[in-house]
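The whole structure should be built from the sequences, with the hints applied where relevant.
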Amino acid sequence: MSGTIDEATQKELTTFMEAQEAQSRLYKQIHKYTGLCWDKCIPGAPGSQLSNGEQNCVINCVNRFVDTSMFLMKKVESQRDQATFQ
Amino acid sequence: MSSFLGSLTGSSGSSSPSSDMTARKEAFKENMRQQMAAESAQELFSTMTDKCFMKCIAKPSTSLSSSEETCLDRCLERYMETFNLVSRVYISRVNKERPV
Numbered sequence: 140m141s142g143t144i145d146e147a148t149q150k151e152l153t154t155f156m157e158a159q160e161a162q163s164r165l166y167k168q169i170h171k172y173t174g175l176c177w178d179k180c181i182p183g184a185p186g187s188q189l190s191n192g193e194q195n196c197v198i199n200c201v202n203r204f205v206d207t208s209m210f211l212m213k214k215v216e217s218q219r220d221q222a223t224f225q
Numbered sequence: 018m019s020s021f022l023g024s025l026t027g028s029s030g031s032s033s034p035s036s037d038m039t040a041r042k043e044a045f046k047e048n049m050r051q052q053m054a055a056e057s058a059q060e061l062f063s064t065m066t067d068k069c070f071m072k073c074i075a076k077p078s079t080s081l082s083s084s085e086e087t088c089l090d091r092c093l094e095r096y097m098e099t100f101n102l103v104s105r106v107y108i109s110r111v112n113k114e115r116p117v
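Just so you know, the protein sequences line up as chains Z and Y, in that order.
The numbering used here applies: residue 140 is where the first sequence begins, and numbers increase by one.
The numbering used here applies: residue 18 is where the second sequence begins, and numbers increase by one.
Derived by calculation from the structure, the hints in this document are not laboratory data.
Possibly wrong hints are sitting among the right ones.
Said to hold, decoys possible - With a straight-line cut-off of 20 Å between C-alpha atoms, the simulated DMTMM-like cross-links for lysine to aspartate or glutamate are:
no.	chain 1	residue 1	chain 2	residue 2
1	Z	K171	Z	D206
2	Z	K167	Y	E114
3	Z	K171	Y	E94
4	Z	K214	Y	E114
5	Z	K171	Y	D37
6	Z	K167	Y	D37
7	Z	K171	Y	E43
8	Y	K42	Z	E160
9	Z	K167	Y	E60
10	Z	K150	Y	E114
11	Z	K167	Y	D67
12	Z	K150	Y	E43
Remember, predicted model here, so these are calculated numbers, not experimental data.
Right under this line is the structure:
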């Protein structure tokens with residue numbers, strides 16, 4: 140077959156695609172947090188720039204969302220472990 | 018993934034096969050990068066339009082008023098600002114959380 144890819148190329152492209160997919164997941168998160176923190180932190184008519192208060196709110200919003208996610212993850216995992224060991 | 022790789026293995030010119038493969042490989046990667054960037058831009062634009070419509074167009078009338086347009090202008094800029102800020106904060110948080 141004339142069009143086959145050698146093993147090294149295949150490996151390189153698999154690595155490349157995995158990195159692309161990881162980046163895609165990262166961007167999906169960023170889009171989600173932008174929408175979420177926009178709703179929480181930027182009430183009312185948009186000004187000519189984000190105020191300090193709004194910026195701090197966005198920074199806290201992202202970090203507390205990550206905290207929330209990890210907190211709930213741990214809870215669910217420990218409940219699941221308890222269920223398994225019963 | 019074989020369908021993506023298919024674009025690499027299609028009919029080819031008759032130049033040196035290794036440099037030809039390298040060129041195809043790079044073209045494929047560039048194509049994937051551009052496709053991803055386009056999808057991300059589209060998602061940003063789509064969400065931003067929803068958010069700014071909700072924020073700026075309280076009562077849809079027969080046309081956009083100039084104050085609504087001003088609001089949309091600012092909303093667009095603030096949404097991009099928020100996106101950039103969220104990117105910075107989230108990426109640095111992800112790097113911090115990554116187990117060493």
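Evaluated hints:
1. Z:K171 <-> Z:D206: Cα-Cα ~15 Å, so holds.
2. Z:K167 <-> Y:E114: holds (18 Å)
3. Z:K171 <-> Y:E94: holds (18 Å)
4. Z:K214 <-> Y:E114: OK: K214 of chain Z and E114 of chain Y at ~18 Å, within 20 Å.
5. Z:K171 <-> Y:D37: Distance of about 40 Å is beyond 20 Å: violated.
6. Z:K167 <-> Y:D37: violated (34 Å)
7. Z:K171 <-> Y:E43: Status violated; Cα separation ~31 Å.
8. Y:K42 <-> Z:E160: holds (17 Å)
9. Z:K167 <-> Y:E60: It holds: about 9 Å lies between the C-alpha atoms, which stays within 20 Å.
10. Z:K150 <-> Y:E114: Violated, at roughly 28 Å.
11. Z:K167 <-> Y:D67: holds (17 Å)
12. Z:K150 <-> Y:E43: Distance of about 14 Å is within 20 Å: holds.
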